[in-house]
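Number of protein chains: 4
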Amino acid sequence: MDEITWHRHTQVLLMVASLVYLVAYSWRVIGALTGTAYVLASIVLFATWLVFIVDYLVRLALARDRVHWFRTHLGTLAIALIPVFRLVLLLRALTLVPSMRPTAGTQLRTKIMVYGAGAGILLIYISSLAALEVERAAPDGNIETFAEAVWWACVTITTTGYGDFYPVTGTGRLIGVGVMFSGVALAGIITATLASWIVERAASRGGDDAEPATRGQIRQLMAKVDALGPQRPNDDRRE
Amino acid sequence: MDEITWHRHTQVLLMVASLVYLVAYSWRVIGALTGTAYVLASIVLFATWLVFIVDYLVRLALARDRVHWFRTHLGTLAIALIPVFRLVLLLRALTLVPSMRPTAGTQLRTKIMVYGAGAGILLIYISSLAALEVERAAPDGNIETFAEAVWWACVTITTTGYGDFYPVTGTGRLIGVGVMFSGVALAGIITATLASWIVERAASRGGDDAEPATRGQIRQLMAKVDALGPQRPNDDRRE
Amino acid sequence: MDEITWHRHTQVLLMVASLVYLVAYSWRVIGALTGTAYVLASIVLFATWLVFIVDYLVRLALARDRVHWFRTHLGTLAIALIPVFRLVLLLRALTLVPSMRPTAGTQLRTKIMVYGAGAGILLIYISSLAALEVERAAPDGNIETFAEAVWWACVTITTTGYGDFYPVTGTGRLIGVGVMFSGVALAGIITATLASWIVERAASRGGDDAEPATRGQIRQLMAKVDALGPQRPNDDRRE
Amino acid sequence: MDEITWHRHTQVLLMVASLVYLVAYSWRVIGALTGTAYVLASIVLFATWLVFIVDYLVRLALARDRVHWFRTHLGTLAIALIPVFRLVLLLRALTLVPSMRPTAGTQLRTKIMVYGAGAGILLIYISSLAALEVERAAPDGNIETFAEAVWWACVTITTTGYGDFYPVTGTGRLIGVGVMFSGVALAGIITATLASWIVERAASRGGDDAEPATRGQIRQLMAKVDALGPQRPNDDRRE
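Sequence order for the protein chains is A, B, C and D.
Here my numbering is used: the first residue of the first sequence is 1, the next is one more, and so on.
Here my numbering is used: the first residue of the second sequence is 1001, the next is one more, and so on.
Here my numbering is used: the first residue of the third sequence is 2001, the next is one more, and so on.
Here my numbering is used: the first residue of the fourth sequence is 3001, the next is one more, and so on.
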């Protein structure tokens, strides 16, 4: 079996593993688990982690040119090693919706907006969980409930930053920095998509006749001009 | 009577109901009503709510294909159920202004800016009212007057977030999140509209002769070339 | 003497009056004037105010169609009544620089950037002065020196909003709201100008031959095709 | 030896001096040096400063037209006088990467993004160092460790501004203002680059035939039409 066949068969399994990871992590943090339940949730998290590592190693082993495969699949490595990147797989599931495939401007913009919104929501959710986990443990931390963590993440991703809640641990601040910069990027995506839409709408003023001439039209015209040619002697045609 | 006729006749009534809703809600919150006055304002609010629900049900009943109508009028359902969406009707009143209909780039941009400003002002106003209502009741809340609530909404919609005022209740924070994300979207609309304007101005450098050729021009040219053709024998015309 | 001649002669005087206004206001606020000095500065401020009012009334009187002039000069009325708008005249002085006149894309963008930067600096300066004047007088105000006011204005116009300084009076908050929204608009102008530049640069890939065909080229081509025509009989030319 | 030859030979040396400057400054601030170590680091900083001043003076002396050279090399003067601008030389090193040279849209955007990211990271790093140095010395300052300074710089450059850390000294606030405005500009660069990408993608809908006609195509077509001409008498050709 080659690498592509393996990947086609395990793709859905990996998406499910991502979802299991998300649920188990949510349960461990929001439920503030202790004792057996904590151990159980941690085992599930470790198991999903193992699934990704094993899948990565098998794909590497099955690849024809391993060095080439390694260099062109750094994203897959990141997904295998860093749990949070697995959520990208959940976003990728959105492409399975038939109308999501990009053809024209509006569909491209719809796709970008759906991906952007999905990424934003997942980011707020997962960073709330992660920040809550580390900040709750800190003695001088101020983020203590999941609701507060979500509120903090929303205040941060929009770069509002009231300062009623903020991370005080190194890890918490790292998460915060990630959320802030993602917020700037997401605001950029929203603005850029709107700009593309307005530029396009503003340009289409006077029906098809006022649209820019196309290369196809010129080719058609050249054929017409060429058709005039053969009847005359000494015609030096040039392309 | 069919659904479209009904809607044409009740459209203005619904706009008036939206306005009554806005005034009654403002009065209840800003006036900090108690006793009979509170009950009276609440009855008016309930009455406007009922008007929208009844209108929705009548339109659904009058529709030819009810399933199709339901699926294509989810916005109308949202307006009927969630009072704040009714304000969209007030914005829609702006389209009645004749010069507001979009034709060319500048008019499209003017329309977007007018809508954006209208939506921004309405959003600041209604979210100030809503936040004041829930935060004033909270024992540790810090938004206590209407002026403070408006100041908070402005600080939030621009994503400045001083942190001198911030919501502490769940509902208040939900309103805050809505205001923040709307602020990001409104900033995007302003930027995108400016970008469209600058791109268009920067492109129109050297009069009409330097504008991109149009499809209409090419069609005119093709007609000219075709006109040359018929006089010659053995002309194999192709389109 | 007609209105246009009057305006041409008084234009520079009004710019000087704007500058005098700015200096006198700065002196009164930063110097924290009291006694005779305060009265003196206030008289100068009143005098510049009077200059604008008188100029407006004279221009209205000299105008041929007063109703038309009034309707098309609402900006002039605003400048006459509200001192801060006079600074627009100082910005307008930038157009006197010869290389500032817009012709091509780059010059348009340069002009927008120069205006934007000028407006931003003036806005930070004047709003710092105004906020300092009202906040210093408030018992629970926290903006007490000019340096603090400028810092507050910069933190506000970029929508950073640390919350170490913030207005507490109604007038101060009104100024703050103005600065915030201007900040959003200025950020939009910067972004839009950059976008126009990148879109233009990204489009010009392969020299002149890869640029979109122009309407002028098509007209030239039509003339060529027409030139082929006259030699043949039964030529029905159409434009 | 002329100025250009000198510059070609010293260019790499200056980049190395910039790097030495960066390392020595980092060491002095992060290490919180005192005594001999502080003196040593300061001597190294002074030495790199001297290298830039001497290089500037030599280039000015070697220049053919010194007044012209001075006026067209104000940036070089700024780099010589203000240490932080030297980091621009480090960014310029990125152009040495072969694939970084701009030709088409995607490469232009890649270049802008790489430069933007580089500038952002350098700015966060150097402003953290500078702010830490001045704020640590202030009695009421709240930025006391390098980690806190980096966190503050990130919170500031994204214009989030929690207000848990903020500069209290004049120099610190000047640095803060620089970081904030750079943050607005960097957000603009990200948004504008995304907008250019989306506009381009949205425009390329239907393959090459639907792209706007090019000037090169029209020139080819004109040559074809001209080729039809010579066979006929009385041909008044016009260009």
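Accuracy of the hints is not assured; some may be wrong.
[As the list claims (entries may be wrong)] Heads up, simulated DSS-like pairs for lysine-lysine below, C-alpha to C-alpha not over 30 Å straight-line:
{"id": "1", "chain 1": "B", "residue 1": "K1224", "chain 2": "D", "residue 2": "K3224"}
{"id": "2", "chain 1": "B", "residue 1": "K1111", "chain 2": "A", "residue 2": "K111"}
{"id": "3", "chain 1": "A", "residue 1": "K224", "chain 2": "D", "residue 2": "K3224"}
{"id": "4", "chain 1": "D", "residue 1": "K3111", "chain 2": "C", "residue 2": "K2111"}
{"id": "5", "chain 1": "D", "residue 1": "K3224", "chain 2": "A", "residue 2": "K111"}
{"id": "6", "chain 1": "B", "residue 1": "K1111", "chain 2": "A", "residue 2": "K224"}
{"id": "7", "chain 1": "B", "residue 1": "K1224", "chain 2": "C", "residue 2": "K2111"}
It should be emphasised that the hints constitute simulated quantities derived from the structure, not laboratory data.
Against the structure, the hints:
1. B/K1224 - D/K3224: Holds - the C-alpha atoms of D/K3224 and B/K1224 are around 15 Å apart, at most 30 Å.
2. B/K1111 - A/K111: holds, 25 Å
3. A/K224 - D/K3224: holds, 11 Å
4. D/K3111 - C/K2111: holds, 25 Å
5. D/K3224 - A/K111: violated, 44 Å
6. B/K1111 - A/K224: Violated - the C-alpha atoms of A/K224 and B/K1111 are around 44 Å apart, more than 30 Å.
7. B/K1224 - C/K2111: Violated, at about 44 Å.
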